[in-house]
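Number of protein chains: 2
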Amino acid sequence: MNHSSLSAIGEGRSRVVIENVQPTVDAGRFAIKRTPGEPILVTADIFADGHDVVRAQILHRQQGESTWQVEPLESLVNDAWRAEFTLMEVGRHEFALRGWVDGFVTWHRDLKKRIAAGQDVKIDLQIGAKLIGEAADRAEAVNVHGQDAARLRHWQELLAQGNDVAAYQTAADELDEITARYPDLRYATTSQPFGVIVDSERARFSTWYELFPRSTTGDESKHGMFRDVIGWLPRIAEMGFDVVYLPPIHPIGEQFRKGKNNRVTAEPGDVGSPWAIGGADGGHKAILSELGTLDDFHALLAAAHTRGIDVALDIAFQCSPDHPYVKEHPEWFKQRPDGTIQYAENPPKKYQDIYPFDFETSDWQGLWRELTDVFLYWCEQGVRVFRVDNPHTKALPFWEFCISEVKAQYPEAIFLSEAFTRPKIMYRLAKLGFTQSYTYFTWRNTKQEFTEYLTELTQTPVREFFRPNFWPNTPDILPEHLQVGGRPAFIARLILAGTLSSNYGIYGPAFENMEHLPREAGSEEYLDSEKYQNRAWDFTGPENLGGVIGALNRIRRQNPALQYTTGLTFHPTDNEHLLCYSKSTADGCNRVLVVVNLNFYGEEQGFVDLNLGELGLSGDRPYQLHDLLNDATFHWQGQRNFVKLEPAASPAHIFRIAQA
Amino acid sequence: MNHSSLSAIGEGRSRVVIENVQPTVDAGRFAIKRTPGEPILVTADIFADGHDVVRAQILHRQQGESTWQVEPLESLVNDAWRAEFTLMEVGRHEFALRGWVDGFVTWHRDLKKRIAAGQDVKIDLQIGAKLIGEAADRAEAVNVHGQDAARLRHWQELLAQGNDVAAYQTAADELDEITARYPDLRYATTSQPFGVIVDSERARFSTWYELFPRSTTGDESKHGMFRDVIGWLPRIAEMGFDVVYLPPIHPIGEQFRKGKNNRVTAEPGDVGSPWAIGGADGGHKAILSELGTLDDFHALLAAAHTRGIDVALDIAFQCSPDHPYVKEHPEWFKQRPDGTIQYAENPPKKYQDIYPFDFETSDWQGLWRELTDVFLYWCEQGVRVFRVDNPHTKALPFWEFCISEVKAQYPEAIFLSEAFTRPKIMYRLAKLGFTQSYTYFTWRNTKQEFTEYLTELTQTPVREFFRPNFWPNTPDILPEHLQVGGRPAFIARLILAGTLSSNYGIYGPAFENMEHLPREAGSEEYLDSEKYQNRAWDFTGPENLGGVIGALNRIRRQNPALQYTTGLTFHPTDNEHLLCYSKSTADGCNRVLVVVNLNFYGEEQGFVDLNLGELGLSGDRPYQLHDLLNDATFHWQGQRNFVKLEPAASPAHIFRIAQA
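First to last, the sequence lines map onto chains A and B. If you read the first sequence in the working numbering, its first letter stands for residue 7, the second for the next number, and so on. If you read the second sequence in the working numbering, its first letter stands for residue 7, the second for the next number, and so on.
One chain only, chain A, in its complex shape:
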């Protein structure tokens, strides 16, 4: 008999099994995500052979700590266990489960049955004395002169005589209480550790305003600077945004610079695309001189911070042919047989103004270090929020390394992933560490589409690692419904984004001004896109959406239910254009009901069938709905109620609900 495997087992007396631990991501390969104070409800199946009593605990600690915090697990039916705990410190944590067969508790349970059955328990009391003595040994190991050890020794001696059941019975509760503090963990089973990333609160609740700093002078011919952006901050803060996000602020390449509307050749004076990064003045750690100096940038950060606003930078890992890396590190790019560097392509399309990095370079370690240093550099300048351009075209293992390195020093850093392509890559990036992600919201239009997509995001394991950030528009995406749907479409998409998702953002100037013309029919590109030219913006027009945007953001700030993407329930309606859903806080204290008319062109009416149980409402008493958009108040009763929405007046209700 070959017993080689026996020595590999280590401790065969660890009889407890820990299975099916939730929540976890890919069996613990990746961390779950929370923000400070968000409850973590852990469940698992924990059991042993036979009928001995199993006890179990949850252990958790922050990365770098050597000792575990220990909290009890509660036993449910059918060998299921649960514990709820919260973490307050931003950073990486881990938890593990520990279970063991508890000899003392088993003995005590059985002793009570024996006494109840009138059996002679002399030997059993002596067995108990031995177990109590072992607990006393463990108590003395902690504090040799402690009160606990002394009490246990006292009862050990008394029970060892084996003849005083009455004396034992006076001690029963005290014994339970003291021994519980000194369990015999020699053969305990401890699960693998499971990661928890605790992000700053802004990772969970944020409101983004994207703008091109060069378009902030009100004059197309005058290049905007950081100091002009400072002038925009009061309006942006007043509207309730807490992240101002800037496209790349670095020097822009000259070679193969794109002209207005993405023309292949630039005219003199064309400012080029900020994503063609790098020039004579530097690369990813430099600032385009037309925007100002590093000091000017610091001034912008300071001005933003005084208004509670984070400035987010767009990090796009690609180079113009003029980027210093091209000369300094030619090995980071693909070399062609003719000595040129491989530009970006999607054959037969060519993007000669862009050199992608070659992540199969033999110096991949140097490349990874340098790209990680780009984030660290901007963190050192005070930036904590990054939007990452096309992360799905960079080697995926790089992101796990990079984000982990940055967050080890700046645990509050936020990384927003722009990755619209394949859904599994989008999710993988979130698992690898991205804090928030762009989504398919922009292309979801029907009641069924919203219901299915939000159910996937909020009711499946995806919720543990993926935080959506909903964008009605971006400089790259003017969706068809905004091209044709008019003001109701803008308002409806805004309200959908800001109430379905706790994180949302707009490409602000174009959105506020309801820019809706595409470069050409069938395109999602803006006409005269800021990506390729300066624009002059005017926010004083009568149609400007700043008012409704500000109203929505105020509602979000005043209603904690809207500050979580979870807590979402859809409610049936009998009209396919009426989408009805509610958000509730975990404690049920804040309940918001939203009804949106998805038909931007005409009035829709119908009945909604509220899931009163999910809303914590009683069916037999009226409840009050306060429309937070227009301050109207309604009184409803029961689950079935009538709604009518005229899109020109308002395409949506946002009700706060209170039982009358």
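These are computed hints drawn from the structure, not numbers from a lab. Each statement offered as a hint is correct.
Which copy? The list can't say, so a pair holds if one copy fits it or any two copies do.
Each computed DSSO-like pair below joins lysine-lysine, with the alpha-carbon atoms no more than 27 Å apart:
(1) Lys355 <-> Lys136
(2) Lys136 <-> Lys356
(3) Lys340 <-> Lys119
(4) Lys355 <-> Lys118
(5) Lys119 <-> Lys355
(6) Lys136 <-> Lys340
(7) Lys537 <-> Lys356
(8) Lys355 <-> Lys430
(9) Lys356 <-> Lys266
(10) Lys266 <-> Lys537
(11) Lys291 <-> Lys266
(12) Lys333 <-> Lys128
(13) Lys118 <-> Lys340
(14) Lys537 <-> Lys291
(15) Lys356 <-> Lys128
(16) Lys340 <-> Lys128
(17) Lys136 <-> Lys333
Add chain B to chain A, keeping to what the hints say.
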């Protein structure tokens, strides 16, 4: 910046991700189970950053082999991949998935697009020449003078000139074909290995007959012997059983021996319980002398094998106070303060005739070795099938070790787990290596109960590791419905067991004779149970069920659909007493439809709504149903058809279906 984690990464150029591999058990912690030839359909999500072409393979090998069998994975939509393969060798295997970014295939895909767009491809041909040269290097590493290497060198030279698109085009298909044999696997990602246990076919399809060898003389006063069992074999084989399972055959303890009907005190001549194992003649490796010698046992095995029958032994790891272990290894038992050994208890109940092993003994390694040797000893005697008594009261890690050790030498060994208690422990034992398991079938009675339980067993991940074995009765369990339901109940339960599950068994003599009297009202124990006394059996009575048992087993042998527990579909009926289900082989060639009247006391009739798609039937042509129990033939059409079952005539139909 702390880059310590960079060195831990190893190879950062491995860009391919392999996720969500199925089928697996607990993320690969345990093996899936199959029998030879059963298809293994593996799916996974496999992708890389960007738009390069990913290729992937499945690797598999038997334990101990150093080289992998390699088969292609097929790419589906949305980054999903699949492969189906089969394993023919009984034993432990493993599979892994491998994916890589294929530079040649990517180049070739893009080149075709460039040529189609009329672009100058001189440089691209030169890039291809380099890739082809690298493939030639790999081909030469396999066979320096090989045809493939020579062809690749030829095309490398031609493409290196970069000016002969026409020449390239004549080579395109050949290049694809040859380079595919020499992929660049330097940066391939390989998944963890996932285990596959391939068991003998009998693990999947078996029919068990349990008998007490001591009750085989037809005379209660005359102790049956192995040679008497040999006399029973022709009848058992004729009825179609392929496993004859014997309760423990070892010496039985004298101390605290139980009397008839489990009386606390035995009378002189009482034979005791076979589960009180061990006496002066030995323990788990010895044979009760009243049953015969080891030679007699070998004769029984030989006689059974000539009839295609396996003899299964019941292994119960517990000792009577007279077991040699008690003296030889007192450290394997719990010692009490008074110097006695702790007997089995379920306080306040005491089982003084049984000493359980203490799996927390300091000599747990010695105990594990010895218990494993018990199986190996009987394997050496020719036994390959074991029923294990109460495995859930032995330390769970022991079973993983023990079964793995035994199957390393006897891969065809079958372990049937008796573990009725908590469902998660029942499943854990299956994960740890048990081949088959007792189930809750015995206590499932209603249509809803059968539907839910069988759906759990056949449609969830449970199916990958848990093989049910359905028992209408056992010596421990005379379920209530058999106490009161009469002949229709016996026949219905038999048919349910033998058609729902490909593995089933009966405690034969009692079942054949419709024994239905419990020891006392409300008990599931048999009156005058063979567990405590010899019985005389007569199989010649007019009510004997041997005929219908034989018919069912013939139907099972003739219909491959019934030889798998998977392939099950339930069909709705409009009568709650009518349970309707079908079994189909994977190729659809054998289709069996079963309708059972769950009301044992009266006729039931109603309509069944067949899922014609699952049955591979067309709705617009009639199909034929051949009732295999009574040879009647029906012709149905469409999904809705009428059924009437009079339990006294037959409580069930078993139809073979054929489209007319």
